[in-house]
Amino acid sequence: MIDMSLIRYQKPETNWSVAPLRQIFNLRGDINQVFDRMFQFPFDLTRDNQFMGGWVPAIDLYENKDVLTVKAELPGMKKSDIEVSLHDNLLTISGERKQESKEQSSEYRTERFVGRFQRTFTLPTQVNAEKITAAYEDGVLTVVMPKAEAVKPKLIPVTVK
Amino acid sequence: MNAIQEQPVCTEPATVEREYTSPQVNIYETNEGYTLEADMPGVSKDGLEITLEGNELTLTGKRQQVKPTGADLLYRESEPEDFRRTFELDPAIDTTRISATINQGVLVMTLPKAEQLKPRKIVVE
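Line by line, the protein sequences are chains A and B.
Using the numbering used here, read the first sequence as starting at 1 and increasing by one per residue.
Using the numbering used here, read the second sequence as starting at 162 and increasing by one per residue.
Here chain B stands alone, though its shape is the one from the complex (with noise of 0.2 angstroms):
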C-alpha cells in the first residue's frame, strides 16, 4: 500500500556511534493530503533543515545545547544527539507545495496531494 514509509537512516554496523535520535512523528491523512507532526524539543526555525530527494524527505533538526554557565551536570535524561528521520513521501502527494512551520519544538508539516490524484467522483453522463 502506497504512503509514507519510514526509511532506516542508519545503515551503518552496530559498532558505529550513533550520531542521531529519532524524533516521535504523528502521521495524519486526508483527502487533501497528509499532516506530520514532528516532536523536535529545542530545536527552532534556525536548526531545522528539510530536504527532498526524489520523493525522499529527511528532516534533520539541530538542537540548542543550552548550558546555564559554570554549572556542573547533575543528571541528564535527554539526549544529547540532534533529530532526523527519513520518510519515503507517497507519490500522489504534490512536491512543490509541501510547507513546514515549528512552533515550541513541534513541526508541523503539510503534504497536499496533487490534484488529479485526489479521490474524486466520476459523473456518468
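Chain A extracted, bound-state conformation (with noise of 0.2 angstroms):
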C-alpha cells in the first residue's frame, strides 16, 4: 500500500533546497559581503586606481604588538624620488619614477610605469610619528612605525578582593 501524505504544495521558486537555486541564494549572500567589507577597515585601501592608468604599487601591512610594518613594492627608485609622510593618521607613500633617456632606440615593450604615483590610507592605531623609520632595499620600501604608548596592549592586573 502507498503511504501518501500530506505535503504542503510550494512554489518552486521558494523552495531553496533545490540545488541550482541555492547557488543564487548563496550567490545574494556573497554579494552582501563584498559591500560589507568594503566598509571595514582601512576601506580607503583599493587599488581601483590602476584602471584609471595610473601606477599604484603594492602594498602589504603587517602589525605586531609593538609596531605597524608597511612594505611597499617600488622597483626602481632612487631613494631621493620616494617621500613618506604621516599627517593625523594617514599614512601618504608618493614618488616619481623617472625614465633614464634611452639614445635612439625604438621602444620594442613598455610596461614599466614611469611617472607619478601616491597610495594614501589610514592606518588601524596610532603611532609614533617620530619614531618612523623607512629603508628601501632591492626595490622594497618598508616603513617601520612603533605605536603610541596609549594604543599599546597593556596588560591590566587583575585583583581580587
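Everything hinted at is true.
Okay, derived cross-link-like pairs now, DSS-like style, lysine-lysine, Cα gap no bigger than 27 angstroms in a straight line:
(1) A:K65 - A:K131
(2) B:K206 - B:K228
(3) A:K152 - A:K131
(4) B:K206 - B:K274
(5) B:K206 - A:K98
(6) B:K228 - A:K154
(7) A:K79 - B:K206
(8) A:K152 - A:K65
(9) A:K78 - B:K228
(10) B:K223 - A:K78
(11) A:K79 - B:K223
(12) A:K154 - A:K131
(13) A:K78 - A:K131
(14) B:K223 - A:K98
(15) A:K152 - B:K228
(16) A:K79 - B:K228
(17) A:K131 - A:K79
(18) B:K228 - A:K65
(19) A:K154 - A:K65
(20) A:K98 - A:K79
(21) A:K78 - B:K206
(22) A:K78 - A:K98
(23) A:K131 - B:K228
(24) B:K206 - B:K223
Over 10 angstroms on every C-beta distance to chain A, these chain B residues come out as not near it, computed from the model:
(25) Y181
(26) L213
(27) E214
(28) N216
(29) T219
(30) E242
(31) E249
(32) I254
(33) R258
(34) S260
(35) T262
(36) P273
(37) K274
(38) R281
(39) K282
Just so you know, these hints were derived from the structure itself, not from any lab.
Only a predicted model underlies this, so the values are computations on that prediction, with no experimental measurement involved.
Backbone N, C-alpha and C define an ideal beta-carbon position, used for all residues, glycine too.
Got two chains here, separate frames each, mind docking them using the hints?
Quick look at the structure:
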C-alpha cells in the first residue's frame, strides 16, 4: 500500500533546497559580503586607481604588538624620489619614477610604469610619528611605525578582593 | 618579423595552481642591440637566475619573503609567487656577450647584436 502523506505544495521559486537555486541564494549572500567588506577598515586602501591608468604599487600591511610595518613594492626608484609622510593617522607614500632617456632607441615593449604615484591610507592604530623609520632595499620600501604608547596592549592586573 | 618574442610560461591547464608571476618588462632596440629592463621587487642578485637554452632566455627571480618578526599580516597586495618570464631571442643577438645587472629590484640586461648582423652600409666601389 502506498503511503501518501499530505505535504504542502511549495511553489518552485521558494524551494531553496533545490541545488541550482541555492547557488543563486548563496550568490546574494556573497554580494552582500563584498559590500560589507568595502566598508571595513581600511576601506580606502584599494587599487581601483589602476584602471585609470596610474601606477598603483602593491602595499602590504603588517602588525605586531609594538609596530606597524608597511612594505611597498617600488622597484627602480632612487631613494630621493620617494616621499613618506604622516598626517594625523593618514600615511602617504608617493614619488616619481623617472625614465633615464635612452639614446636613439625604438621602444619595442614598454610595460613598466613611469611617472608619479601616490598611495594614501588610514592606519589602523595610532603611531608615534617621531619614531618612524623607512628603508629601501631591493626595490622594496619598508616603513616601520612604532605604535603610540597609549594604544599598545597593556596587561591590566586583576586584583581580587 | 624577428625580434624578442615572448613564450607563454604556463602550459598547464587552468586548474593547476600557478607558481610564477610575470615581471613587467621594457625592451628597447638600437642598432647595437637590445636592452631589457624587468621589474622584480624583492629580488636580489642571489635570488636571480638567468638561463639561456638555444635561443630561449628565461628569467627567474625568487622573492625574499621577509616578514617582520611576530607580526600578523593585516593586508596584502603583493603576490607571493616568484617571478618568471621566457623570451625567444632574435637570432641576431650575440649570446656570448649578454650581460645583466640588478639594482633596487630592477634587472637590466644588455643583449648586443652580433657584429656581422648589424645594419651597416655597403660601400660601392
